[in-house]
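Undergrad: So the chains spell out like this:
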Amino acid sequence: MTTGGRRKIIAMLSVALAATAWWQYGPRSPAEWTTSDLVVLQSLSLNNLPALPADPSNAVADEPRAAEFGHKLFFDTRLSANGAVSCATCHQPTRHFSDSFQKGRGIGLSGRNTRSIVGSAYSPWQYWDGRRDTQWAQALSPLEDPAEHGGNRMQFARFISIEPVYRAEYETLFGQLPDFSDRRRFPEAAAPLQDPTMSAAWHSMSAEDQHSVNTVFANIGKAIAAYERLLLPGTSRFDQYVQAVADDKQEQADELLTDDEIIGLQLFIGKARCTECHNGPLFTNNEFHNTGVLSFPNEVPDRGRTDGLKKVLADPFNCAGIFSDDPSRRCDELVYVRTGIELLGAMRTPSLRNLGGTAPYSHKGQHATLAEVIDLYNRAPLAMIGHNEAEDKLYLSRRERKQLEAFLNTLAAPLATAEKWLELP
Amino acid sequence: MHAGESSSLRGAVWVLHMRSGRAVTLLAGLWLAVAAYAQDSGEKESWLTRSGYYKVSYTSELTPVTINKIHHWIFHIENAAGEPVNNATVSITGGMPEHNHGLPTSPRMTDALDDGNYMLEGVRFHMRGFWELTVTVEAGGRRDTVVIPLTI
Numbered sequence: 027m028t029t030g031g032r033r034k035i036i037a038m039l040s041v042a043l044a045a046t047a048w049w050q051y052g053p054r055s056p057a058e059w060t061t062s063d064l065v066v067l068q069s070l071s072l073n074n075l076p077a078l079p080a081d082p083s084n085a086v087a088d089e090p091r092a093a094e095f096g097h098k099l100f101f102d103t104r105l106s107a108n109g110a111v112s113c114a115t116c117h118q119p120t121r122h123f124s125d126s127f128q129k130g131r132g133i134g135l136s137g138r139n140t141r142s143i144v145g146s147a148y149s150p151w152q153y154w155d156g157r158r159d160t161q162w163a164q165a166l167s168p169l170e171d172p173a174e175h176g177g178n179r180m181q182f183a184r185f186i187s188i189e190p191v192y193r194a195e196y197e198t199l200f201g202q203l204p205d206f207s208d209r210r211r212f213p214e215a216a217a218p219l220q221d222p223t224m225s226a227a228w229h230s231m232s233a234e235d236q237h238s239v240n241t242v243f244a245n246i247g248k249a250i251a252a253y254e255r256l257l258l259p260g261t262s263r264f265d266q267y268v269q270a271v272a273d274d275k276q277e278q279a280d281e282l283l284t285d286d287e288i289i290g291l292q293l294f295i296g297k298a299r300c301t302e303c304h305n306g307p308l309f310t311n312n313e314f315h316n317t318g319v320l321s322f323p324n325e326v327p328d329r330g331r332t333d334g335l336k337k338v339l340a341d342p343f344n345c346a347g348i349f350s351d352d353p354s355r356r357c358d359e360l361v362y363v364r365t366g367i368e369l370l371g372a373m374r375t376p377s378l379r380n381l382g383g384t385a386p387y388s389h390k391g392q393h394a395t396l397a398e399v400i401d402l403y404n405r406a407p408l409a410m411i412g413h414n415e416a417e418d419k420l421y422l423s424r425r426e427r428k429q430l431e432a433f434l435n436t437l438a439a440p441l442a443t444a445e446k447w448l449e450l451p
Numbered sequence: 004m005h006a007g008e009s010s011s012l013r014g015a016v017w018v019l020h021m022r023s024g025r026a027v028t029l030l031a032g033l034w035l036a037v038a039a040y041a042q043d044s045g046e047k048e049s050w051l052t053r054s055g056y057y058k059v060s061y062t063s064e065l066t067p068v069t070i071n072k073i074h075h076w077i078f079h080i081e082n083a084a085g086e087p088v089n090n091a092t093v094s095i096t097g098g099m100p101e102h103n104h105g106l107p108t109s110p111r112m113t114d115a116l117d118d119g120n121y122m123l124e125g126v127r128f129h130m131r132g133f134w135e136l137t138v139t140v141e142a143g144g145r146r147d148t149v150v151i152p153l154t155i
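These protein sequence lines are chains A and B, in that order.
Sequence positions in the first sequence follow the numbering used here and run 27 to 451.
Sequence positions in the second sequence follow the numbering used here and run 4 to 155.
Here chain A stands alone, though its shape is the one from the complex (with noise of 0.2 Å):
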């Protein structure tokens, strides 16, 4: 071969080579905002979260007495069958009101992973699959589950009734406690759950009695959820960084967010997609979608919001139903809910703010690590059952999916809530 020939081979070869880096590492500084992109920072941003809604479905829920009365019950682990859960086993005030499983650990194992309640109050749906419709419904379903406090409602409210401090404190909020010292009528452990035993005694009950035990069981989550509504999510780097570039403080920019952090948000809003699902100042929707993440190892696919949706619309203590305090009972989201195909295997987007600590992510804990997530995007696999929305492949190099991963880092932020609720009271 000729020298000439030899020159041009190598020059091929490093224009080559330049090329395949490039396209492997993405850019290493950021372009400057549009006029469109500064409307979607803006749109993220929590100086833009709105006045905390109203619960009409709970009179209490901004009562400052009633989230005393449920910080107690929350990390009370009295209300459990082994004394040995409270709210707060899973829903950990150093974790962001999460726990580090895949699956919550209560008395057994639960059958999801533990979402995060902080800023809880802003979704119309709560759980991955939206089978509760208020913060106080979603209270009492864990206090009833087997795996998790493992409790009765007849059990409950007795306690309520006998324990002198909740038993005043209870009163003040919700009127005089009923009598439930006759065993006849009131049975030491009754609920209409799957267990038998516990399932006939609360049949034998009359029904009167039995709507005495659900409204104390009711006004336990409603004072929890006074409590939960207070979680609120904290001004974090990038808030601060949204702000000094609406103030167009360039320098103080600069120092918030490094260069592949800006590129991570600039992919975030822009080429990854993200905020098609996780937007606003909450960086989320709260909506279904099937993202086709792959089932739980040894387990069916789980069926999602299709299931969810046929819980709430049964469960007697929705926004419809007769222990709402909503004398409207509106209920919008419950009275126009979507039902269909697109549904199924779909789970409700989760907020990004303060990722870290709350590992594993995803509906079973399926993915060890944010990396695993956004490769999870990244490749669009077929989803296990239903249809993945994520279908389009994202094509993100490996540099600019730790970009990604360092703007998601950047959401992290102590709590906008007093210390006093973050600890035992």
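Careful, some of the hints might be misleading.
Chain B regions said to be covered by chain A (calculated; three or more residues, Cβ under 8 Å) [as the list claims (entries may be wrong)]:
(1) 67-80
(2) 94-106
(3) 109-119
(4) 129-138
Simulated from the structure, these hints should not be mistaken for laboratory data.
Ideal Cβ positions, reconstructed from N, Cα and C, are used throughout, including at glycine.
Position chain B relative to chain A; hints supplied.
TA: This is chain B only, laid out in the frame that chain A set:
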């Protein structure tokens, strides 16, 4: 100009509230503000149904239309001669053609108001972007539909 574009214009005007010192942003914002004002003060956009039986327009409870908030729309229906159509049934479906999914709720007509106006409740959008809403009007045995574009 479509009503959808108008709402995105109004969204862009929001840029002004960000107190950006950038002259370009300010100028663009001002221009958009003027454009949006002109749009607002003008006549409401309407769409003719496929077979030309009805003229459909709407007013949203939310101006501009934003995401993640359930709200109602009032549809106004006229016949080809421009007279209000009463005793009609109005229904709506929709979705994002680029994302191959529908609306996150099932909005329904809940009231027939005066002068060809109809209340549809339970409207919510959960993504920014391009939406298409298929409105079906049925009155006096005549059924007709129109696809209304909306960019949020």
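Undergrad: Quick check: do three or more residues in the segment 94-106 of chain B have a beta carbon closer than 8 Å to a beta carbon of chain A?
TA: holds (count 5)
Undergrad: Three or more residues of the segment 67-80 of chain B near chain A by CB distance under 8 Å?
TA: holds (count 3)
Undergrad: Would you check chain A against the segment 129-138 of chain B, counting CB to CB pairs closer than 8 Å, and say if three or more residues qualify?
TA: n = 4 at 8 Å, threshold three: holds.
Undergrad: Please verify the coverage claim for the segment 109-119 of chain B: does it have three or more residues whose C-beta sits within 8 Å of some C-beta in chain A?
TA: holds (count 3)
In this structure, none of the earlier numbered hints is contradicted; all agree with it.
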